[in-house]
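Start from the sequences and build out the full structure, keeping to the hints where you can.
As given, the protein sequences belong to chains A and B, one line each in that order.
What the first sequence shows, in the working numbering, is residues 3 to 462, in sequence order.
What the second sequence shows, in the working numbering, is residues -3 to 354, in sequence order.
Keep in mind that the hints were calculated from the coordinates and are not lab data.
Errors might be hidden in some of the hints.
Capping the alpha-carbon separation at 27 Å, the derived lysine-lysine pairs in DSS-like fashion look like this [what the hints assert, rightly or not]:
hint : chain 1 : residue 1 : chain 2 : residue 2
1    : B       : K227      : A       : K65
2    : A       : K369      : A       : K428
3    : A       : K369      : A       : K65
4    : B       : K117      : B       : K227
5    : A       : K22       : B       : K117
6    : A       : K428      : A       : K130
These numbers were taken from a predicted model, which means no experiment stands behind them.
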Amino acid sequence: MIRRTVAALDQRLGAAHPLKRTLRYVFPDHWTFMLGEIAMYCFVVLVATGIFLTFWYVPSDAKLQYTGSYVPLQGTSMTESFASVMHISFDVPAGLLVRQTHHWAADVFIVAIVLHLVRILLTGAYRKPRELNYWLGVTMLGLAILEGFLGYSLVDDLLSGMGLAIAYAVAMSVPFLGGQLAFLVWNGEFPGSSSLWPRLEILHVFLIPMAIATLLALHLAQIVRQHHTQFPEEGSERVVRGTPAWPGYTFRSLGLFLIVAGVLFLLGGLVQINPIWEWGPYEPYLSTNGAQPDWYVGWLIGALRLMPPLEVVIGDYTVVPNPFWGGALFPAVVFGLLYAWPPLARRLRLDDHREHNLLDRPRDNPKRTALIVAFLVWVFAIFAAGATDRFYFRSFISYEGQVWFFRAFALLVPFLAYFVTKRVCKELRAREEHPLRGWRGTVIERNDQLGFEPARKDSA
Amino acid sequence: MTPGGLFARLVAALGGLGGLRRNRERRQAELHQILPPGKRQFDAVRSEEQGRGREAAPPPELDETGDPRAELYVALLLIAAAVAFVGFVVFYVVSEDTQLLGLSIGIGLVLAGVAAALAGKRVVIQEKTTDEYVAYGDREERREVANHLVEGKVGVTRRKLLFSSLAAVGAALGAAAVVPIASLGPRVGEKVYETPWSAGKRVVDERGEPIALDTLSPGEFITGFPAGESKEEIGSALMIVRLETDELELPADRADSAPGGYVAYSKICTHAGCAVSLFRYPTFDETQPGPALVCPCHYSTFNPADGGKVLFGPAGRPLPQLPLRAGADGSLEAAGGFYEPIGPSYGGIREDPGAKPL
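What follows is the structure in structure tokens.
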């Protein structure tokens, strides 16, 4: 049966050679190599659950009276968008499960991408010849964040409305162009015209997912062409060593996919996320205390909250409205640094111009690791500042005091992180007590001709 | 599935497994007889190594000792996963309960996943193989490509003219392709300044009722709207608070804007456009800061006693105040438009708190 299928495919497509290559493709082993895979499998779950949701979602701001089965909101005036998501949540069998799984998958998707990115940075996997793939990955991270934001904006509940209001203000805040930019996206003044909703929907369900899928395909194609990087314990700069695709790796990766999907469905079924019926529909004059976006927007909320009330005004003209600093400039700097990193690290003499197939351990390049950690800690400190209001309710440390603390913290902690990390790397390297690090030298011994030769196994 | 049926299936599966295990042991014994030990080790990568003339790679390892116990576990996990998936179907039909649905399909997927991973690690043949990293880049071919590209201009005489024309058409086409973006929305302009408020416009609450001067006590607030206008325009909603008249510190030219201690501000934050829906009012003056309007998005804090001045947070402009007066029937109405432009700042917004009501 197998033989006949292979023969049939090979005679028609010449499939035997590529199949042979594919089945024997080598995957080096390390647990951190799973992070990117987890992200990919989350994307698969997102597409599958998203297709189900698309069949129900209505992108419309037409008002109606809610008549679904959630009693507390019956008779409430709301948009068709919100009502359709209420319908999915309460009146479509398994609808809430799929919706919550979709939401959880989005959150885990971006967690996995970020951890994958951190791994790539700390081990130097972005170095030549893999810079192009690194840039594809950073682009996918940006698209994923935008996609997630659009996703929870589509619901048109109170939180999504507040998020869109902030997005509108950030668009408005771009110097000189901002007002017009926001009017083009929203088709007029906030809260925008009816055409906003189909625009958000087509971006969320088609354009951005297609872009991510395309970049993902290129990302994988480049990995296959260049082979995976690996730690020096396994292979060398010339030889990649690991488990072949068939049979070992196929089953393990399939297992990872099923486990990721299973955990996401468990979360979607058991752990409530974004209970839109508690927030209710959005109106521009409504807001709620304790509003927190999905985690991957937290760094922007933190930056917007930390920024002192500074606006650049010349005469009557506000050149730089305040939301620009935290909402536009900050992410532009973060992504700018991420994109610039491979050439920047070469420029700073942290990396060389040679090709690298072997990964560094973070400690092998203390300065580079310390710089990357300082950068990550800086972003994380600002991210943490996005939760100050929640922390206030737990601790009753004054909100204003916390904001002042985080303003100083975000500026100072990167320097501290830099020196601590560098020191730790050097200490670790000096001790060389790493379980993965085998000794790679050769024992030599003097031979009869007064020269040296590798020691025989029995005498070593 | 009935418990009895399940049991029967389990017995059958275990029986089958036992048979498989015996079969496998027999096969391995045969294999060991046929192949000398050294040859057996290299078998897995032999086909790949053939005819490729490559440098010596570390010898691959091949662990082909069977693990019948792992095979049994995999089968049990798969059967358990099947039970969970059947459970999903049953729950879907009988209860539609989100927790049960999520639990059954999630557990099923995780069990199947563990089974697959275990199969990959313990059941199928364990081997490490190698391949070569390919160093891309061929100097000779690069040169050929460049030459081939350069050949494109052979025989072209008026190169400069053609290139300029090409650049012109490229730029023009680019412009023509970009311009339709402007169709996506209206031009920004004075539109942003327009609000439904003007002198004499009645203030109503969310249900459309007028707001009498005794509606609020000092320290209370209410959301106000222009009578007969849309509530959804960002120029509409007001945050109306009542303070003690001696708490007010309004600028001299706004002294008449607060009848009975009622002050009205645009509810849309000048920072990022959220609704400023929090009102802080001290119950014990000695230890608590004064009254404030607070936006829950980024906690911009405005002083309602002093024309909406920024007390804390990122907002760069005061919250725009709307002058109030008592109408003929004693309820609140606007005494004019806002003192400042409403909504989040953008390039071109005017920064002129002293200007006449718009």
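Results of checking the hints against the structure:
no., hint, result
1, B:K227 to A:K65, "13 Å, holds"
2, A:K369 to A:K428, "9 Å, holds"
3, A:K369 to A:K65, "58 Å, violated"
4, B:K117 to B:K227, "63 Å, violated"
5, A:K22 to B:K117, "21 Å, holds"
6, A:K428 to A:K130, "25 Å, holds"
Of the numbered hints listed earlier, those contradicted by the structure are 3 and 4.
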